Amino acid sequence: GAVVSQHPSRVICKSGTSVKIECRSLDFQATTMFWYRQFPKQSLMLMATSNEGSKATYEQGVEKDKFLINHASLTLSTLTVTSAHPEDSSFYICSARDWTSGELFFGEGSRLTVL
Amino acid sequence: QKEVEQNSGPLSVPEGAIASLNCTYSDRGSQSFFWYRQYSGKSPELIMFIYSNGDKEDGRFTAQLNKASQYVSLLIRDSQPSDSATYLCAVKGFGNEKLTFGTGTRLTIIP
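Here the protein sequences come in this chain order: A and B.
First residue of the first sequence: 1, per the working numbering; consecutive thereafter.
First residue of the second sequence: 116, per the working numbering; consecutive thereafter.
Bound-form chain A, shown alone (with noise of 0.2 Å):
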């Protein structure tokens, strides 16, 4: 089946670090990836919506300076989380649908940690 990979799965950084997430569809072509956060014991909050080819569209109360997003192919979007700070810590995962049958997968999530 279709599978979608993120990378890393796992990142410590240090605060004021910048840190790049990949979001790659193995199988298919994505022109449509979401971002979304995930604090512990709570529900998934979508950050950002990202087409492939433009500018990302940015959910109420998203830094769109601070967790820059850049989806340059059909399978390929990254976040990177800019200055980061503790309280940015989370689990960072991305979806994206495949432009033919119009499904979507989740990618395996990435954890950030920053010191």
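Hints listed in this document are in silico derivations from the structure and should not be mistaken for laboratory results.
Keep in mind that a hint or two might mislead.
Straight-line alpha carbon distances no greater than 25 Å define the calculated DSS-like cross-link-like pairs of lysine-lysine that follow [to be verified]: (1) B:K171 x B:K213; (2) A:K64 x B:K207; (3) A:K55 x B:K171; (4) B:K182 x B:K171; (5) B:K157 x A:K20; (6) A:K64 x B:K213; (7) A:K20 x B:K182; (8) B:K157 x A:K14; (9) A:K66 x B:K213; (10) A:K41 x B:K207; (11) B:K207 x B:K182; (12) B:K213 x B:K182; (13) B:K213 x A:K41; (14) A:K55 x B:K213; (15) B:K157 x A:K41.
Label pairs and their computed distance ranges (CB to CB) [what the hints assert, rightly or not]: (16) B:D173 x A:T100: 20 to 28 Å; (17) A:L68 x B:L126: 35 to 43 Å; (18) A:S5 x B:G174: 21 to 29 Å; (19) A:K14 x B:E172: 44 to 52 Å; (20) A:S9 x B:E118: 13 to 21 Å; (21) A:T113 x B:Y154: 31 to 39 Å; (22) B:N211 x A:K55: 12 to 20 Å.
Now the stretches of chain A that chain B is said to cover, found in silico as 3 or more residues with beta-carbon under 8 Å [said to hold, decoys possible]: (23) 39-50; (24) 101-113.
Here the structure is a predicted model, which means the values were calculated and not measured.
The beta-carbon is built from N, C-alpha and C at its ideal position, and this holds for glycine as well.
We have chain A already, so just place chain B on it with the hints.
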């Protein structure tokens, strides 16, 4: 009012019994409804989706949708310990690609 509401649980069900998970949503224009299962530390995996009023069965799982009451449920028959997880209800509006998730219900199946 939250857009998608679920009882956070925990819900404890004996092995072999029926687990019933409920979800209500506020947007009457919602078109598609999804149930995801999420194990601790993992990303969600799709269990079922439903678009039309009524019941939809898939193996041990049955999704029920009542658009008039803005209510969707998931029944798990013959519950197994491996069913212990958090179940997330998600809703998609008409012409909207975004999924809105509920807070999830933590289900524990007691052997």
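Hints and how they fare:
no. : hint                        : verdict
1   : B:K171 x B:K213             : holds, 23 Å
2   : A:K64 x B:K207              : holds, 24 Å
3   : A:K55 x B:K171              : violated, 38 Å
4   : B:K182 x B:K171             : holds, 14 Å
5   : B:K157 x A:K20              : holds, 19 Å
6   : A:K64 x B:K213              : holds, 18 Å
7   : A:K20 x B:K182              : violated, 41 Å
8   : B:K157 x A:K14              : holds, 24 Å
9   : A:K66 x B:K213              : holds, 21 Å
10  : A:K41 x B:K207              : holds, 22 Å
11  : B:K207 x B:K182             : holds, 13 Å
12  : B:K213 x B:K182             : holds, 19 Å
13  : B:K213 x A:K41              : holds, 21 Å
14  : A:K55 x B:K213              : holds, 16 Å
15  : B:K157 x A:K41              : holds, 12 Å
16  : B:D173 x A:T100: 20 to 28 Å : holds, 23 Å
17  : A:L68 x B:L126: 35 to 43 Å  : holds, 39 Å
18  : A:S5 x B:G174: 21 to 29 Å   : holds, 27 Å
19  : A:K14 x B:E172: 44 to 52 Å  : holds, 51 Å
20  : A:S9 x B:E118: 13 to 21 Å   : violated, 30 Å
21  : A:T113 x B:Y154: 31 to 39 Å : violated, 20 Å
22  : B:N211 x A:K55: 12 to 20 Å  : holds, 19 Å
23  : 39-50                       : holds (count 6)
24  : 101-113                     : holds (count 6)
Violation of the numbered hints given earlier is confined to hints 3, 7, 20, 21; the remaining hints are satisfied by the structure.
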